[in-house]
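Number of protein chains: 2
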Amino acid sequence: MGLIVQKFGGTSVADAQRIKGAAQRVVQTYREGNQVVVVVSARGQTTDELFSLAHEITDNPAARELDMLVSTGEQVSIALMAMAIHAMGYEAISFTGAQVGIVTDSHHTKARILTINTKKIKEELNKGRIVVVAGYQGVDAYNNITTLGRGGSDATAVALAALLKADLCDIFTDVDGIYTADPRIVPQARKLDRISYDELLELASLGAQVMQARSIEFAKKYNVPLRVRPSFNNSAGTIVCGEVKEMEDVVVSGAAVTKDEAKITIRGVPDRPGQAAKIFKELARSNVNVDMIIQNISSHSLADITFTVPKAELKAALEATKRINEEIRAQEISSDSKIAKLSVVGIGMRSHCGVAEKMFSTLADEKINIQMISTSEIKISCVIDEAQAEQALRAVHKAFELDKVRA
Amino acid sequence: MGLIVQKFGGTSVADAQRIKGAAQRVVQTYREGNQVVVVVSARGQTTDELFSLAHEITDNPAARELDMLVSTGEQVSIALMAMAIHAMGYEAISFTGAQVGIVTDSHHTKARILTINTKKIKEELNKGRIVVVAGYQGVDAYNNITTLGRGGSDATAVALAALLKADLCDIFTDVDGIYTADPRIVPQARKLDRISYDELLELASLGAQVMQARSIEFAKKYNVPLRVRPSFNNSAGTIVCGEVKEMEDVVVSGAAVTKDEAKITIRGVPDRPGQAAKIFKELARSNVNVDMIIQNISSHSLADITFTVPKAELKAALEATKRINEEIRAQEISSDSKIAKLSVVGIGMRSHCGVAEKMFSTLADEKINIQMISTSEIKISCVIDEAQAEQALRAVHKAFELDKVRA
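Read top to bottom, the protein sequences are chains P and C.
Residue numbering for the first sequence follows our numbering, starting at 1 and increasing by one per position.
Residue numbering for the second sequence follows our numbering, starting at 1001 and increasing by one per position.
These are computed hints drawn from the structure, not numbers from a lab.
This one's a predicted model, so the numbers in the text were calculated from it and none came from an experiment.
Note that CB positions come from ideal geometry on N, CA and C, so glycine has one too.
A hint or two may mislead.
Taking lysine-lysine pairs in the DSBU-like style, the calculated list, with each CA pair at most 30 Å apart, reads [said to hold, decoys possible]: (1) C:Lys1367 x C:Lys1338; (2) P:Lys110 x C:Lys1119; (3) P:Lys120 x C:Lys1338; (4) C:Lys1259 x C:Lys1281; (5) C:Lys1245 x C:Lys1278; (6) C:Lys1110 x P:Lys119; (7) C:Lys1259 x C:Lys1120; (8) C:Lys1338 x P:Lys127; (9) P:Lys110 x C:Lys1127; (10) P:Lys110 x C:Lys1367; (11) C:Lys1110 x P:Lys120; (12) P:Lys119 x C:Lys1404; (13) C:Lys1120 x P:Lys120; (14) C:Lys1311 x C:Lys1110; (15) C:Lys1120 x P:Lys119; (16) C:Lys1110 x P:Lys20; (17) P:Lys120 x P:Lys110; (18) P:Lys110 x C:Lys1120.
Quick list of the computed label-pair ranges, beta carbon to beta carbon [what the hints assert, rightly or not]: (19) C:Asn1289 x P:Gln17: 33 to 43 Å; (20) C:Ser1334 x P:Met88: 42 to 52 Å; (21) C:Lys1119 x P:Lys110: 49 to 59 Å; (22) P:Phe280 x C:Asp1167: 53 to 63 Å; (23) C:Lys1119 x P:Ala277: 26 to 36 Å.
Let's have the full structure, built from the sequences with the hints guiding it.
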């Protein structure tokens, strides 16, 4: 039939029983007449355990040696996966990132894939073998082992699928597929059969953490169809693909709420050109990722600037802000970490009006105050009080009728 | 000063504390002005644990995938060792067998080293770095990961020392050095300052398991001086080197007793040419390692043949013997696993008479019956009753005055 890349995350290969279960999924796909490339992550908590070993030795391990260490996690998984396939009577062969020529840059612990030499994989596929490749790892130009950062096995799978021109890239996870909202918060949330890369990207960055965002971008760039599937049952999952005409008929595809940001407000900034630039330059220099930014002119030529940063970076952000304020001399700096960001996403927004209006009025009806607003072509986000996050998500989910099946 | 290879076995790197201790030994050697190459084994029981993982998946794992799996054990060790050296403020870099070009044949799980590309190691040494290499592993000509069998880290260390023309190869173990006999059995046993390769080879094959026999042979071939040292204290250990004139003045260097063999006796073999050949051909075909063999003509042209095999192979050996006896038609096959082999070793034996006589009379004085005798140029072994093994070892140790310091 075709060539299918199947990626199993850590929980899907956590122990012998699950590895055997994953091997059955692989063999089933192979028996349906497909060539199969399997990408596996380290088993369960292995990567965390390896990091702990390093920290027993030193507080500050060298990145190159960390990669040498943690890359063993996937190497164990590929060997066990190949054995499990053998035990079912099928031919399989495992490869490390180095063996299969996954060449990355030299940014240890967060390397990016530059090229993959697919020759060896193709040779083995053509021998009728199932090829098992270690996710999350590669080698740089000097043959040093590198790793791709958390979620890096997604990157391996998608890059292999792109370069092998695979017909499909299965991402096996511990969720059933992509939902209109987090089912733990919104019981009426509905699994989507299809979603576009762009919508999933917005959702991924919003905390619906089914896949690494960089991998979704890569899949979009090379137009690799993804299928997010559960590893523990046979449900069909969600296809992630390019836009099709029908998608535009649906105004909103999903909604999400995140609580991992905090907000900083600078009041009374003298309103001269270049003040904002100074602030955000200083924040960038401190490696703070700024998300939403709004600025108002208040009175007497004074501006108020508010922006959000990851909670983990709030301390660094406040320090940077105070540092630059020695120069800017704004009247007051305050922060609030009890906020939530509520977002709705849908490529249909491009051609439909009234989405923002409906979102705002829904929140108003619920007596939820909107602190900040930010919009993109396919997304509207509002910052609200953290205590009202779940209430807001449920209200918006209902207002946009996300529980109803699409036309 | 020079170039020193230092090998740390599994118990010497079992946990973070011991890895740090080993790193201190390495740094000390480096600070004394030497270039240092470190070879490490997998931590403690890691290799056994990895084998267990494989056996949770299948009873019969493919050898290639087993090597892929267990080679991760040393990879973890090299990363942690390099980190520990870094933490002490010194430069170090780790390499897997593949990265450093340790090329082996393709006999997975028991491969032999063919070549090592020492270019990379030399480059790093010349940068002033301590080079940490994974023991026990290599790659074959097709870039498949291979392992060298139990004790394979010794082989890595000795081969590296030979090819780098090292001045010394330190083998750190959990014993103080090489003793005249096992100190647990003979309290008077004395640590040797020096021993020849040949003597240690005979002792290694006799169960004084400080080093893999193949590695000692290799060290002898390339004349690599070895130093067997304790990793947990600073005692000087034992130098293993080529013969020097003074060694010949000492008739017996050490004594050992092993209980890991069993004996098979075939009585009443019709005494025709080729009978013994048939028996041992059949045993070889069954992968049984025969050690000692004796044959007597009893009476009426019937021969008795007795030989020893490892206890673990006794069942297979008996089956093979019975199988071939359908053809040979000897009168009786019996076996005894309650035996011990007592041996004395010394290169001085070559030029001294009366060693055998003294050993036999010592055993006679102790009322210990000798069941079999085998001799080589530098060794005499006697098979005796297992129950008398320790008594015999102590008596022989005393008779040859092994507790007295050499001239």
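Here is what the structure says about each hint:
1. Distance restraint check for Lys1367 (chain C) and Lys1338 (chain C): the Cα-Cα separation of roughly 17 Å lies within the 30 Å cut-off, and the hinted pair is therefore satisfied.
2. Our distance criterion of 30 Å between C-alpha atoms is met by Lys110 (chain P) and Lys1119 (chain C), whose separation comes to about 29 Å.
3. A hinted pair counts as satisfied when its Cα atoms are at most 30 Å apart, and Lys120 (chain P) with Lys1338 (chain C) does not qualify at roughly 54 Å.
4. In summary, the hint linking Lys1259 (chain C) to Lys1281 (chain C) is supported, as the alpha carbons are separated by about 25 Å, within the 30 Å threshold.
5. Note on Lys1245 (chain C) and Lys1278 (chain C): the hinted pairing is violated, with a Cα-Cα distance of about 44 Å set against a maximum of 30 Å.
6. This hinted pair checks out: Lys1110 (chain C) and Lys119 (chain P) have alpha carbons roughly 29 Å apart, not beyond 30 Å.
7. For the hint pairing Lys1259 (chain C) with Lys1120 (chain C), the CA-to-CA distance comes to about 45 Å; that exceeds 30 Å, so the pair is violated.
8. Between the alpha carbons of Lys1338 (chain C) and Lys127 (chain P) the distance comes to roughly 53 Å, so the proposed pair goes past 30 Å and is violated.
9. With a C-alpha separation of about 26 Å, the suggested pairing of Lys110 (chain P) with Lys1127 (chain C) holds against the 30 Å cut-off.
10. About 73 Å separates the Cα atoms of Lys110 (chain P) and Lys1367 (chain C), which puts this hinted pair outside 30 Å; it is violated.
11. The suggested pairing of Lys1110 (chain C) with Lys120 (chain P) holds, with an alpha-carbon distance near 25 Å, which does not exceed 30 Å.
12. A C-alpha spacing of about 67 Å is found between Lys119 (chain P) and Lys1404 (chain C), which places the hinted pair above 30 Å, so the restraint is violated.
13. Distance hint between Lys1120 (chain C) and Lys120 (chain P) is fulfilled; the C-alpha atoms sit about 25 Å from each other, no more than 30 Å.
14. Taking the CA atoms of Lys1311 (chain C) and Lys1110 (chain C), the gap is near 21 Å; set against the 30 Å cutoff, the hint holds.
15. At roughly 27 Å between alpha-carbon atoms, Lys1120 (chain C) and Lys119 (chain P) fall within 30 Å of each other, so this suggested pair holds.
16. With a C-alpha separation of about 27 Å, the suggested pairing of Lys1110 (chain C) with Lys20 (chain P) holds against the 30 Å cut-off.
17. Of the pairs offered as hints, the one joining Lys120 (chain P) and Lys110 (chain P) holds, with about 25 Å between alpha carbons and a cut-off of 30 Å not exceeded.
18. Proposed proximity of Lys110 (chain P) and Lys1120 (chain C) is supported: the alpha carbons are some 25 Å apart, at most 30 Å.
19. A hinted range of 33 to 43 Å for the beta carbons of Asn1289 (chain C) and Gln17 (chain P) is consistent with their spacing of about 38 Å.
20. Separation of Ser1334 (chain C) from Met88 (chain P) is about 46 Å and conforms to the stated range, judged on CB atoms against 42 to 52 Å.
21. In this structure the hint that Lys1119 (chain C) and Lys110 (chain P) lie 49 to 59 Å apart at CB is violated, the actual value being about 30 Å.
22. For Phe280 (chain P) and Asp1167 (chain C), the hinted distance range of 53 to 63 Å is satisfied, since their beta carbons lie about 60 Å from each other.
23. Range check, Lys1119 (chain C) to Ala277 (chain P): about 51 Å between beta-carbon atoms, so the 26 to 36 Å window is missed.
Against the hints set out earlier in the document, violations occur for numbers 3, 5, 7, 8, 10, 12, 21, 23.
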